[in-house]
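Trainee: Protein chains in written order, with this note's numbering: chain A, 20 to 400; chain B, 20 to 400; chain C, 20 to 400; chain D, 20 to 400.
These are calculated hints, taken from the structure and not from any lab test.
Some hints could be false.
Repeated chains share a single entry, so a pair holds when one copy, or any two copies, can fit it.
As the list claims (entries may be wrong) - Calculated pairs, DSSO-like style, for lysine-lysine (alpha carbon to alpha carbon, straight line, at most 30 Å): (1) K86 to K69; (2) K365 to K137; (3) K47 to K69; (4) K22 to K395.
Number of protein chains: 4
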Amino acid sequence: MAKPLNIGVIGCGFMGRTHSNGFLQAPKFFDLPYRPVLKKICARNADRAKSFAANWGYEGFETDWRKLVASPEVDLIDIASPNDTHREIAIAAAQAGKMVMCEKPLGRNAEESEAMVKAVESARVRNMVWYNYRRVPAVTLAKQLIDAGRLGRIFHYRTVFLQDWTISADLPQGGEGLWRLDADVAGSGVTGDLLAHNIDTALWLNGPIEEVSAMTETFIKARKHNLTGKEQPVRIDDASAFLARFRNGSLATFEATRYARGHKALYTFEINGENASIAWDLHDLHRLEYFDHRDEGRLRGWRSVHITDGDHPYMKQWWVPGLQIGYEHTFIHQVADFITALGEGKDAAPTFRDALATDYVIEAVLKSAANRNWAKVREEA
Amino acid sequence: MAKPLNIGVIGCGFMGRTHSNGFLQAPKFFDLPYRPVLKKICARNADRAKSFAANWGYEGFETDWRKLVASPEVDLIDIASPNDTHREIAIAAAQAGKMVMCEKPLGRNAEESEAMVKAVESARVRNMVWYNYRRVPAVTLAKQLIDAGRLGRIFHYRTVFLQDWTISADLPQGGEGLWRLDADVAGSGVTGDLLAHNIDTALWLNGPIEEVSAMTETFIKARKHNLTGKEQPVRIDDASAFLARFRNGSLATFEATRYARGHKALYTFEINGENASIAWDLHDLHRLEYFDHRDEGRLRGWRSVHITDGDHPYMKQWWVPGLQIGYEHTFIHQVADFITALGEGKDAAPTFRDALATDYVIEAVLKSAANRNWAKVREEA
Amino acid sequence: MAKPLNIGVIGCGFMGRTHSNGFLQAPKFFDLPYRPVLKKICARNADRAKSFAANWGYEGFETDWRKLVASPEVDLIDIASPNDTHREIAIAAAQAGKMVMCEKPLGRNAEESEAMVKAVESARVRNMVWYNYRRVPAVTLAKQLIDAGRLGRIFHYRTVFLQDWTISADLPQGGEGLWRLDADVAGSGVTGDLLAHNIDTALWLNGPIEEVSAMTETFIKARKHNLTGKEQPVRIDDASAFLARFRNGSLATFEATRYARGHKALYTFEINGENASIAWDLHDLHRLEYFDHRDEGRLRGWRSVHITDGDHPYMKQWWVPGLQIGYEHTFIHQVADFITALGEGKDAAPTFRDALATDYVIEAVLKSAANRNWAKVREEA
Amino acid sequence: MAKPLNIGVIGCGFMGRTHSNGFLQAPKFFDLPYRPVLKKICARNADRAKSFAANWGYEGFETDWRKLVASPEVDLIDIASPNDTHREIAIAAAQAGKMVMCEKPLGRNAEESEAMVKAVESARVRNMVWYNYRRVPAVTLAKQLIDAGRLGRIFHYRTVFLQDWTISADLPQGGEGLWRLDADVAGSGVTGDLLAHNIDTALWLNGPIEEVSAMTETFIKARKHNLTGKEQPVRIDDASAFLARFRNGSLATFEATRYARGHKALYTFEINGENASIAWDLHDLHRLEYFDHRDEGRLRGWRSVHITDGDHPYMKQWWVPGLQIGYEHTFIHQVADFITALGEGKDAAPTFRDALATDYVIEAVLKSAANRNWAKVREEA
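Excised from the complex, chain A in its bound form (with noise of 0.2 Å):
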């Protein structure tokens, strides 16, 4: 019987179910050296702590994050509360000696990361931030084919993630559930909350991005407070699109807005190698489109793989040929991965210093947009 990896959570919103989810289920379709145990989750109305952890199943609820860190009962702190909340959460988790997971992006800026990854490396706790796109099978089907040089010499990097839940001048910035529309909370607006996931999604395909230019746009200038009740200024970026330079020589284009009628979440990507392409989308999760230069002739053309065979990533765990899985699998396999890997006594990526690198070329981005040329995106030290 695999030894339990007690778990407290901190957050019980959209993130919360995801990540309580994920420990549940990796256990049941995975072979894995830990059993994760939801102790408890923590969030600060105790109503809903209850409530939350009698449907997932918790042993017990906090509503103060200080006890559920200091805890001896809890290995590991996944903080899935806001952004503003993370920096504080992670560094006091690590200073306890937990193991910690953080929800994307890591810090609000730069800064914030920095502070975390150091506390982390510091106290030597295992650590990972949820860039769950990473493990869909298709993406990471796409990192196989590419670190396999299927590929070749890559041109190319097209990467969009289009919504437009915001569009309605009526909907408030703020408050629950809105958030991601309140600067002091988010720390900006599609860049950190869906650039950041391509971003990290291109770094881990394509490698270091060394400079960008960016523009980024606020279409609603005001809206009204949730918590307020008052017309405010909006601060966070509703639109941010860049022009980027890899390191490998490839160029870029990077898109993300909340204002693209038509799209609910659509994260694409595209590679463009010399021998092969790839192609990606949210939407169709469970598909990779695969183009081969070096197929005949005259019988070429994008192959919509349908990743759902056995010998597909992560596929052979799930159901038959066919059969798709969907959104939550993500943090499902990113669960099993992190503990397949503690059980190695290795880390699992994306660490905290793997996510920094993403605040870095948010951070230029940022910058860029708001100085008018390119910038230079930040090395690690």
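Given the structure of chain A, go ahead and fit chains B, C and D onto it with the hints provided.
Mentor: Same frame as chain A, now just chains B, C and D:
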């Protein structure tokens, strides 16, 4: 706190997993009047049963289904074992006063199914058959649109279920994981295994079928039998296709095969009505294709609807727009609907009686194929 | 300079246009041994014939096809008039020693077609039927792949031709532009108009059909007749579907209808072989979908091949890769192939005799539908 | 009978063919006030000119464009020769009082283009530039929808033009068929060749661009020159991408490359408005993707509109619904529109002046890429 509903599951193969997962996940995402408790799993092999029980959190296990059926601890018997066991277990369970859920097809033939219907109806126990594809949100939405009259008079129905996993002549028949190729165990080949799904959905969406003209084929005439080790004639149908006339005057084509190279589990249907048409396929199960002739003429086109919004069936309980669910969720929905109906003192469809209608169509299909003529579908008594 | 080939075209409706364009465009894009000269167009209405002649550059016009057939100026008679005129004109043209090209279907029934075959073969005149879809580059490529054995043993063929233009009960039957709804003129409904295409392609790609089981339906039982002004029974089939067995052992489903809401001219086919599969549809005629099981397992997928490269059939003569051609080009290709074959002293397929095979299948389909049983397809004498 | 419009075409390469075909086909499908007469083709090589003239039915040929421009037989000079010849020919033709049609881009740079605009405006001769993609029916429909206000406020525009034909380092630069790789002849690389199309369409659909931030790249630094036989530095841009801000407040990304493996000529654009969005791509040019937020919520989806109906732009002149046209038709439409406008005493867009606006954007793009900062787009004087 919801009252417990004590479950005993028989069979720990592929369907044992989907059902177990369904029972565990349903109460986490749906607000239900009963809480399923995984009391016992039953499998002939004790090691396998024990390991399955540990994995899924069953309180115990059995190796003799009769003991499970007789156990006072259990309220509901769920049959996830091969087709040749359905009848006997279901009847015994009903006679023991248990609720019964049964994998599809109900029996190996209409006679078996009739006996099963009789048993559950005599015993007045709740019963349901796992025709899970009704609970794909896109399929449920199709049903709602049809019921609301959005399509108008129906002219055509066309549906296929295409696989390619038995093309190799080296694939043996019979035994673990391959009982679907053994006519004694399965009853029939693709007709009962695959077309059963097509028929169940069709009857649900488009009403009764009156008559059929069918053909079946066995492409590989003999295969080694896994249990006997000998080459034996293959007695299942590898492919089955039929023409049909529905009571509502519409025409249909049905086809299933395990010899359609390039398709893993391509279950599709399309319905053409006077005013609108609907199409769906299992390989992208989170999408519904919809065409409405009442759209402005020059902008008419098939709409690819990404069924991930809060106003789509079942989806309010899951994530946010754009984030898809997968195959296993259909079982979770079925559990949720069964338990909800149970709380309301009602049956959830498809009941054994509903499933019998599918068996009558299968019976007519096999008879038509054998006799090379049109066959009437039996009406329920 | 290529020698002139003097053409007389009968009929200046839709097909008169596609043929005229074919004759004019072929020599501009293909290097041909004969140069088609548009000598005369023939139509009953003199004004219409005159105007058509002026538009397309015919040297003159006739209103009596017998005069055209008798004219020594003309080498080739092209029949683009309604079905009920095909037999008489074709026989007269053959007897006058002219080459004959004829719109499909050849006759209104197999008897008419047999007489036509007999006439051209007795007279030993070159002849061809305009089953134009064979010359879609993607379809021609499919043929080449099959002939090269790329698919291996064939298991399945499935094909539909779906339209929706006759759903309205207000649409009259008969008369200008609507003769396809008049059984006396057309011979049959969708069976001869649409399924004829599906059958011709199928016989070409997959060999002879041995037997069929069919059903037909007329959804709107009576329509106003445009010529008489009176409501009259509709005698054509609005929809037609059949099961078939090919001589090579493969199974097929065929379906055509003018009541499939949302489809304009969705002619599709798919062929499943042991090693590879092919799919195509007319709505995106410049693409061929190709699946090859010999591709590396985890990267297998349907390839969407954009048939616009120089090594694709016919495409070297057109533009550059990525730039698609359309519908009318199939007629241009047919002219080019006919004239090329003429220069080589050979027939270009499909000849009248080739087309007769399609009529035998149609005959069996209509007989099967009437008699409600399987019908053998007549073999050519 | 329509009056003759006597045409002299210069250049018998790829564009000579598309233009010649356009002139010949337009009057057969459109009712026009003038009938184009192919008077003379001009090419430096007499054999080639003669053969081209014979193929396309020109009455004669020239080898010196000055003679053609001077000829009283000709009403309109059409420039289909490489970019470095545009300016001189166009100015001479205008000064000779001829109408002038010119392949895109207008000049090799904005200075050349300004001189050309000045020449045709001073001479008051009709003029047009062959930005043919405006006349794809789906693109024209997009324009109509935007002009009708269907999209509402525009937030985003994104467009790419992706090819892969120059990836091989063995491909030489310069000379017959390869002058697009020679900076002296072409002016620039993909910016002028491909992005020019993206920009022209964007300005037409979405209004003026105010500023850009661009990057360009030359992946293969040196290639053998076909004319000199020597390896020489490549001076064109292989790839070009830029961010843009439109005057209407919308943001855009533009990208073109000849190094995107898997794409032949994938020209796409997408426009996101407050109420609706539109997307299109050249590889399936007969389709328009349309999303309308005003559709009923649970049935909202991107509509794939098959632009082949009689109420779609230009399509009434072609075949019947479902039957697609292709690339060359855009030139036919442009001829038809030019001649129709001529009959009405009006200009047809895009005129030289319209095309100059595109050159100003190109100028800003190249300047921005060189200077690594945002560049304002010059406004027309």
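Trainee: Does each hint hold? Answer for all of them.
Mentor: Outcome of the hint check:
{"no.": "1", "hint": "K86 to K69", "verdict": "within (16 Å within a copy, 38 Å between copies)"}
{"no.": "2", "hint": "K365 to K137", "verdict": "within (18 Å within a copy, 59 Å between copies)"}
{"no.": "3", "hint": "K47 to K69", "verdict": "both (25 Å within a copy, 14 Å between copies)"}
{"no.": "4", "hint": "K22 to K395", "verdict": "neither (46 Å within a copy, 61 Å between copies)"}
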